[in-house]
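Participant: Residue numbers (the numbering used here), protein chains in the order written: chain A, 1 to 111; chain B, 1 to 116.
No lab work stands behind these hints, which were simulated from the structure alone.
Since this is a predicted model, take the numbers as computed values, not measurements.
For glycine and all other residues, C-beta sits at the position ideal for the given N, C-alpha and C.
A hint or two may mislead.
Which residues of chain B face chain A? A partial, calculated answer using Cβ under 10 Å [to be verified]:
1) 7
2) 14
3) 41
4) 62
Label pairs and their in silico Cβ distance ranges [claimed, not checked]:
5) A/42 x B/15: 26 to 32 Å
6) A/42 x B/52: 45 to 51 Å
7) A/8 x B/7: 32 to 38 Å
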Amino acid sequence: GENVEQHPSTLSVQEGDSAVIKCTYSDSASNYFPWYKQELGKGPQLIIDIRSNVGEKKDQRIAVTLNKTAKHFSLHITETQPEDSAVYFCAANYNNNDMRFGAGTRLTVKP
Amino acid sequence: EAGVTQFPSHSVIEKGQTVTLRCDPISGHDNLYWYRRVMGKEIKFLLHFVKESKQDESGMPNNRFLAERTGGTYSTLKVQPAELEDSGVYFCASSRWGQGARETQYFGPGTRLLVL
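So here's chain A without its partners, still in its complex pose (with noise of 0.2 Å):
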């Protein structure tokens, strides 16, 4: 079936450091790519996403890039602070009444 992989499934770094994950879809027709954040005892929230007209956005310290030839796009998070620390999940949409997710990466930003 059409997937989403993740990559890494937990991720260290030191405050102020940045910090990258990196999902592949596998469904050429995949044109939209959320990026969720889930902090304990919450559901995941959006905090940026990119279509596929586009190959960068950005958002203050939040980035995310998309090689649609390569079906791969990333999260980039700079000058991390603690408060980044969560599980981020990547997202393609598989139709148009379907989304699938990555597995997840925990992220754990050291003081």
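Following the hints, position chain B against chain A.
Facilitator: Just chain B now, with coordinates in the frame of chain A:
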């Protein structure tokens, strides 16, 4: 504007019992989705409502799961009878009218279901 709410937040039941989960989407959102996450794995799509109609239920694991959205507002997901492998976190998400899975989805806090 209130976000997506889910009830209960936690449920612990025995194998063979019935559990009903409820989701209240953001007011005015036509699209409502149910997802499930089993420990450490991906968030998996279960089904999608557009208003009161089931648009796609291809992700429902089996006929022990029944979802409804009468009136096109809140939705319920019933598991009957529950099995051990049904344990996980059940998320509901909603998005406004438009392009289905190409619209931004807003998630609820989830219901943590444990079947013993």
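Participant: Does residue 62 of chain B pass the interface check with chain A, least Cβ-Cβ distance below 10 Å?
Facilitator: Not OK, violated: residue 62 of chain B not within 10 Å of chain A, min 17 Å.
Participant: Going by Cβ atoms only, is residue 7 of chain B closer than 10 Å to chain A?
Facilitator: violated (13 Å)
Participant: In this structure, is the beta-carbon distance linking residue 8 of chain A and residue 7 of chain B contained in 32 to 38 Å?
Facilitator: Given a distance of about 34 Å, which is inside 32 to 38 Å, the answer is holds.
Participant: How does the Cβ-Cβ distance of residue 42 of chain A and residue 52 of chain B compare with 45 to 51 Å: does it lie in that range?
Facilitator: violated (28 Å)
Participant: Confirm or reject the claim that residue 42 of chain A and residue 15 of chain B have a C-beta distance inside 26 to 32 Å.
Facilitator: holds (28 Å)
Participant: Can the hint on residue 14 of chain B be confirmed by a CB-to-CB distance to chain A that is less than 10 Å?
Facilitator: Check failed: Cβ of residue 14 of chain B comes no nearer than 25 Å to chain A, outside 10 Å.
Participant: Holds or violated: is there a CB of chain A closer than 10 Å to the CB of residue 41 of chain B?
Facilitator: With a minimum Cβ separation of about 6 Å from chain A (threshold 10 Å), the hint on residue 41 of chain B holds.
In terms of the numbered hints stated before, the structure departs from hints 1, 2, 4 and 6, listed from lowest to highest.
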